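Asker: Construct the entire structure; sequences and hints are all you get.
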Amino acid sequence: MIYTIASTKLGIIGDPYVPADGINVAALLSGGFIVEQSTPKPKKPAKTSTEPNEEI
Amino acid sequence: MATSTYLSNPVVTVNAVDLSDQCSAANLTRVIEALESTSFGKTARVYVGGLENSTLTLTMYNSFAATETYATLAALVGTSTTVTIKPTSAATSATNPISSLVGCYLETLPIVNAALGALDTIDIVLTGGVYSVATS
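For the protein sequence lines, the chains are A and B, in the order given. With the numbering used here, letter number 26 in the first sequence gets 26, and the count goes up by one each step, no holes. With the numbering used here, letter number 117 in the second sequence gets 173, and the count goes up by one each step, no holes.
These aren't lab readings, by the way, just hints derived from the structure by calculation. Keep in mind it's a predicted model, so treat the numbers as computed, not measured. Please note that a few of the clues may not be correct.
As the list claims (entries may be wrong) - Examples of chain B residues lying across from chain A (beta carbon under 8 Å, computed):
1) A72
2) A127
3) L132
4) S136
5) G159
Using N, Cα and C, we set each Cβ at its ideal position, and we do this for glycine too.
Answerer: See below:
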């Protein structure tokens, strides 16, 4: 999971946040100090306009 | 004569959140429990070291504003976290060491300590965890 800093109390807003050992990430999330960054989904392959049996 | 004077810039973090601007007192005490090992033939009690059980007591101004005291502590009650404290905001060094308790436990959180005409202040106690000090 990737987190982004959302409060200056934790660091620079917008920077990625990597929790150190012993940090309660759930508490940071519920307090609004960090936000989860959704991982980008892989792009779908482009649709082909030709039929499977069609000769090009 | 060596003294340590804490003026305006000690740094306190709770769960990585910098709460220095809400904290007015901090008391970190390293405790290693004493286990009595006195046996027959001894004329005085003797002890050996047991488990470490250090504590950090913080006096804080209670603030319900976003990302302040309450927002930091509310979800930590009954859980373990990490706290750090160092004498000044300058870079960590041998003369400005940073002390940490990793895995300390927050048992209680006063929600309101209201008195007419006075700021709402709370004392929290974080117990246990592994103590360490770093100078760089």
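Asker: For each hint, tell me whether it holds in the structure or not.
Answerer: Against the structure, the hints come out as follows:
1. A least Cβ separation of about 5 Å between A72 (chain B) and chain A falls short of the 8 Å threshold, and the interface hint therefore holds.
2. Evaluation of the A127 (chain B) hint against chain A yields a held restraint, the C-beta minimum of about 4 Å falling below 8 Å.
3. Using the Cβ-Cβ criterion of 8 Å, the hint placing L132 (chain B) at the interface with chain A is satisfied: the shortest such distance is roughly 5 Å.
4. Below 8 Å, beta-carbon pairs count as interface contacts, and S136 (chain B) has one with chain A at about 7 Å; its hint therefore holds.
5. A least Cβ separation of about 5 Å between G159 (chain B) and chain A falls short of the 8 Å threshold, and the interface hint therefore holds.
This entry satisfies every hint, going by the numbered hints stated previously.
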